[in-house]
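Undergrad: Each chain, written out:
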Amino acid sequence: MKRYKIIVLAKQVPDTRNVGKDAMKANGTVNRAALPAIFNPEDLNALEQALRLKDRYPGTTVTLLTMGPGRAADIIREGLFRGADDGYLITDRKFAGSDTLATSYAISLAAKKLMPFDVIMCGRQAIDGDTAQVGPQVAEKIDIPQITYAEEIEKIEKGKITIKRRLERGVENVECPMPVLITVHGSAPDCRARNAKFLLRYKHAKTWTERQQDTEDYIQLSEGRPYLDIREWSVDDLSADETYLGLSGSPTKVKKVFNVVFTAKEAKVLGDTDAEMDDLMKDLIENHTIG
Amino acid sequence: MNNVIVYCEIEDGNIVDVSLELLTKGRSLADLLNVQLDAVIIGKELKGIEHQVYPFGVDNLYVAEDSRLYPYQTLPHASIVSKLFGEIKPEIALFGATSIGRDLAPRIASALKCGLTADCTSLEIGEHEDKKKKKTYKDLLFQIRPAFGGNIIATIINPETRPQMATVREGVMKKEIKSMSYKGKITKLEVEKYVREEDFVVRIIDRHIEKSKVNIKNSQIVISGGYGVGSKENFDLLFELADVLGGEVGGSRAAVDAGYITHERQIGQTGVTVRPKLYIACGISGAVQHRAGMDQSALIISINKDPEAPINQIADYAIIGDVGTVLPKMIKYYKKNTK
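Heads up: the protein sequence lines correspond to chains U and B, in order. If you use the numbering used here, the first sequence closes out at 291, no skipped numbers anywhere. If you use the numbering used here, the second sequence closes out at 339, no skipped numbers anywhere.
Hints listed in this document are in silico derivations from the structure and should not be mistaken for laboratory results. Misleading hints may appear alongside valid ones.
[Claimed, not checked] Only some residues are given here: those of chain B computed to face chain U with a beta carbon under 7 angstroms:
1) C114
2) T136
3) F148
4) I152
5) N158
6) R162
7) V202
8) I205
9) I209
10) E210
11) Y333
Note that the structure is a prediction, hence the values are computed from the model and not measured. Cβ coordinates follow ideal geometry from the N, Cα and C atoms, glycine included.
Chain U on its own, in the form it takes in the complex:
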């Protein structure tokens, strides 16, 4: 049976979904530091689709690729615990401040280093920015087709992959030759839980940088166990052109940021008159709760 090589792009994000009252500062704005760093939810949906292909086509490998600071190695470990085979962390101070275009440039270089592959999968979008841009931009930079909003990978046959897409008003089934980049929609099945066997096997999977802080015992542990290596790629490793990276390589700039203020500790009591409803909706639109 044919085996495939799959790359899963994953991002570590602050958990912006569950901003409860405990993550609010006294002035009503969000305390970003109080938000836990998590595996971007739709990237988990993508990982599950990749693992299902691995279940169905034995010998298929799933490689995780993430970009971020050193602590983003947690994302790779999380993926290994759930069934991925290996992972790479793209990390370098020079990447800081990258917008989606600069990010997709760096990721596309890393993906090219992993060629040949059959499929790149990633979540439709990340919850910290909700742009849904990096997937299509990586596909463009590698010059491969993209299939967005996948809900299910139906089959692979004769080098072609069949995918069910979730669109605004329905579904679409498409067939596309590989290699292809697929972005996975949140309506796809949730990712499987961690597997106890993989948890034991990869517990000490670390990057070179993390290992510098290890005690002697752990260094010995990783000797002769290459699967415990999470490889790090820097700007130099990717032979990246620095003019396309970081803040200077990002065409979009943030001019201004305004913190949304969630007010009211005590209930404001309203009647049901037109004037009161009009004012309420204006307030909610004004403070960006709705609209």
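With the hints as your guide, set chain B onto chain U.
TA: Below, chain B without anything else, positioned relative to chain U:
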């Protein structure tokens, strides 16, 4: 300065609403900048399509017509638009934040190495001073959008690259006819010069309408009903409000037990736990079991006839009134204040 252009989406031979809304916005931006408004339409059987867009103030319409260009596919549309933008070098390019626009625009932005801002809620023209470079940029597009799960509002600019690209969701901008007699100029693109044969590698097997599964947990806005809603029919009002606000409908255990709503939508200790940005509790008294599933919501509005309902203790706004009276007013005034 060059023109403003809108990519117009087609569905069954008609330009979709979001594209018409963007033409209206594009027209006003073009007027502010003292340039013309362009539009590009890609599809099949497009005879007479210009009459759908001219009234919105389109000066130059580019049309690419080929039987293979409808339904929409990423690669051929991206090739045509990227090449066209390369030739006419628009100042600003607008796309609907639809499943098509959000698939297409990033691919084009990548090919042209220019900046793109997704899901803008407002577009303005303004000036920017770069203190480090000691340079002032006039007439930039200010792209305003929520980020970070709606907790911040950011103003994004693209000082150096062109076009300045943005996507906008349906209903955000207002659709307005400029003049029924407005006339533009049409340019038909020679499709063969714009697409590659390999752009047609993806085959659409079929498409059909299929409802998505309920996803209350990840919804930023939850409209929830209790026994006090009174009937299954009254729940339609909740669905209507959810539809308008882009949220999901949930219910209390009592509403589920009464058969007003299905179990998969139950919120509370024995249902799902939600922590949305906005929770509207309709006719819910607020038993502890229910509150356990929603009291971490960022903003809570309660609608209840009883001013003493326990839910009001945790609500940010307590509306004392009947659900059947209040919800239609909320819908009405939401629509009035967003258009």
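Undergrad: If a hint holds in the structure, say so; if it does not, say that too.
TA: Hints versus structure:
Evaluation of the B/C114 hint against chain U yields a held restraint, the C-beta minimum of about 5 angstroms falling below 7 angstroms. For B/T136, the suggested interface contact is broken, since its CB lies about 13 angstroms from the closest CB of chain U, more than 7 angstroms. Nearest Cβ of chain U to the Cβ of B/F148: about 5 angstroms, under the 7 angstroms cut. The hint holds. For the restraint placing B/I152 at the interface with chain U, the shortest Cβ-Cβ distance is roughly 5 angstroms, inside the 7 angstroms limit, so the hint holds.
A least Cβ separation of about 5 angstroms between B/N158 and chain U falls short of the 7 angstroms threshold, and the interface hint therefore holds. Proximity of B/R162 to chain U is violated relative to the hint, the smallest CB-CB distance being about 9 angstroms (cut-off 7 angstroms). The restraint placing B/V202 at the interface with chain U holds, with a minimum CB-CB distance near 5 angstroms, inside the 7 angstroms limit. With a least beta-carbon distance of about 4 angstroms to chain U, the hint placing B/I205 at the interface is held under the 7 angstroms criterion.
Hint status for B/I209 relative to chain U: holds, with the closest Cβ pair at about 4 angstroms, below 7 angstroms. For B/E210, the suggested interface contact is upheld, since its CB lies about 5 angstroms from the closest CB of chain U, less than 7 angstroms. About 4 angstroms separates the beta-carbon of B/Y333 from the nearest beta-carbon of chain U, less than 7 angstroms, and the hint is met.
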